[in-house]
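Asks: Each chain is listed here by its residues.
Number of protein chains: 2
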Amino acid sequence: MSDIVTPDLTGKTIAVLGGTGPQGRGLARRFASAGLDVVVGSRSADRAAETAKDLANATGGQVRGLDNAGAAEAGDIVLVVVPWEGHGELVASLAPALAGKVVVDCVNPLGFDKQGAYALQVEEGSATQQAAGLLPESIVVGAFHNVSAALLEDPEVTAIETDVLVLGDDREATDLVQALASAIPGIRGVYGGRIRNAHQVEALTANLISVNRRYKAHAGLRVTDV
Amino acid sequence: MSDIVTPDLTGKTIAVLGGTGPQGRGLARRFASAGLDVVVGSRSADRAAETAKDLANATGGQVRGLDNAGAAEAGDIVLVVVPWEGHGELVASLAPALAGKVVVDCVNPLGFDKQGAYALQVEEGSATQQAAGLLPESIVVGAFHNVSAALLEDPEVTAIETDVLVLGDDREATDLVQALASAIPGIRGVYGGRIRNAHQVEALTANLISVNRRYKAHAGLRVTDV
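In order, the protein sequences belong to chains A and B. Those letters in the first sequence? Residues 1 to 226, per our numbering, in order. Those letters in the second sequence? Residues 1 to 226, per our numbering, in order.
What the hints contain is simulated information worked out from the structure, not anything from laboratory work. Fair warning: this is a prediction, and the values are worked out from it, not measured in the lab. Some clues are possibly wrong.
Same chains, same names: a pair is fine if it fits in one copy or spans any two.
Lysine to any residue pairs mimicking SDA-like chemistry, simulated, CA-CA at most 25 angstroms apart [to be verified]:
1. 216 - 93
2. 53 - 154
3. 12 - 158
4. 53 - 137
5. 216 - 188
6. 216 - 89
7. 216 - 22
8. 216 - 54
9. 101 - 13
10. 12 - 222
11. 101 - 112
12. 53 - 169
13. 216 - 59
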């Protein structure tokens, strides 16, 4: 990668809203393992505290648990890793706490039926664009859409062979989130375009689910020639 | 890849509609180099014949040029590599010639402005689904959406480091198109889901264009763990 990005993450607190679900918990685990200060957010502060304790024990890292509002307050970089249902409502309710912060939307608007997963139509274009519309005082970036929760959560997986496409309209923010992604062994954060092109990256998880079924894999993506 | 697919392409003629544009010409060149029987189609039979002659000379392969209707008749597997504008009209006009055949839609419905490329909304969901709707007697597969024309056309590039996601609802057809993709050195054809999930693969080229601008690359994609 000719354009190596290494902003300093020292002293930054990473909050993971929806951090008790598989994807959020997996990301929180990896950030804690990387030595970052992590706050797990959840609807229930008790469940968040429980997950935080488990992750701190598992990783030897620094992990606290708070309700989503508390985690949004505590984080310098705030990841949104909640189910698509309720995404808009949660994000809107936290707008004051998220003002001035980098908010990383990691949500895949997908439907499921007996033929597998498929992309849902999103009125705003994508979950990332919905968040950006609801958070005019925040800097919204899309990332971490295509990383396997199973791999993130597996303590025997030391490196995750995938790139994370980072989408955003603010260069400083995308550089920061690329550095955050690259803090996870095996992962590279790669700039993937403006947020108007977030939809297809969010939706691509439906294809990876098809790949996983066909090949019995935990598929990821590498960008070549970068 | 645990599920290696190698249907026999011997004796099959590969037609490339829009084979005088950079993407179509690049694919025709690679198929000819792989020893396949290739027909270049174009609106103008003369231009098709000229391109075919150039490609035959360059590759030592078997390449003919015909107008798009003649190429559609001649091909056993027919690739559609035309601009999005006019895609529906061309496909509909060739429906009788394409009946009973595997049709591979390779079209990216993209718009461009000074901020780069973006995905267009397609009423039918995707170019692939539009083709499938217009060709009820054909077996429509989506593929070759994310392969760099610059790399396909560069005679000094001996292997193209990318995977081709193949989308389709008919296993025999997707297996065949995976084998066709894998005939190009460096490329693997990987099953990528049903055609209802074609949109995001077509649109992802907008992101790769952003990657190319940022990193001065000819980006491709590899699916990991497959």
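Asks: With reference to the structure, classify each hint as holding or not holding.
Replies: Verification of the hints:
no.: 1; hint: 216 - 93; in the structure: neither (39 angstroms within a copy, 40 angstroms between copies)
no.: 2; hint: 53 - 154; in the structure: within (17 angstroms within a copy, 55 angstroms between copies)
no.: 3; hint: 12 - 158; in the structure: within (23 angstroms within a copy, 45 angstroms between copies)
no.: 4; hint: 53 - 137; in the structure: neither (32 angstroms within a copy, 59 angstroms between copies)
no.: 5; hint: 216 - 188; in the structure: both (24 angstroms within a copy, 17 angstroms between copies)
no.: 6; hint: 216 - 89; in the structure: neither (35 angstroms within a copy, 39 angstroms between copies)
no.: 7; hint: 216 - 22; in the structure: within (19 angstroms within a copy, 36 angstroms between copies)
no.: 8; hint: 216 - 54; in the structure: neither (29 angstroms within a copy, 43 angstroms between copies)
no.: 9; hint: 101 - 13; in the structure: within (11 angstroms within a copy, 57 angstroms between copies)
no.: 10; hint: 12 - 222; in the structure: neither (27 angstroms within a copy, 32 angstroms between copies)
no.: 11; hint: 101 - 112; in the structure: neither (33 angstroms within a copy, 31 angstroms between copies)
no.: 12; hint: 53 - 169; in the structure: neither (36 angstroms within a copy, 46 angstroms between copies)
no.: 13; hint: 216 - 59; in the structure: neither (28 angstroms within a copy, 38 angstroms between copies)
Comparing the model with each earlier hint shows violations of hints 1, 4, 6, 8, 10, 11, 12 and 13; every other hint is respected.
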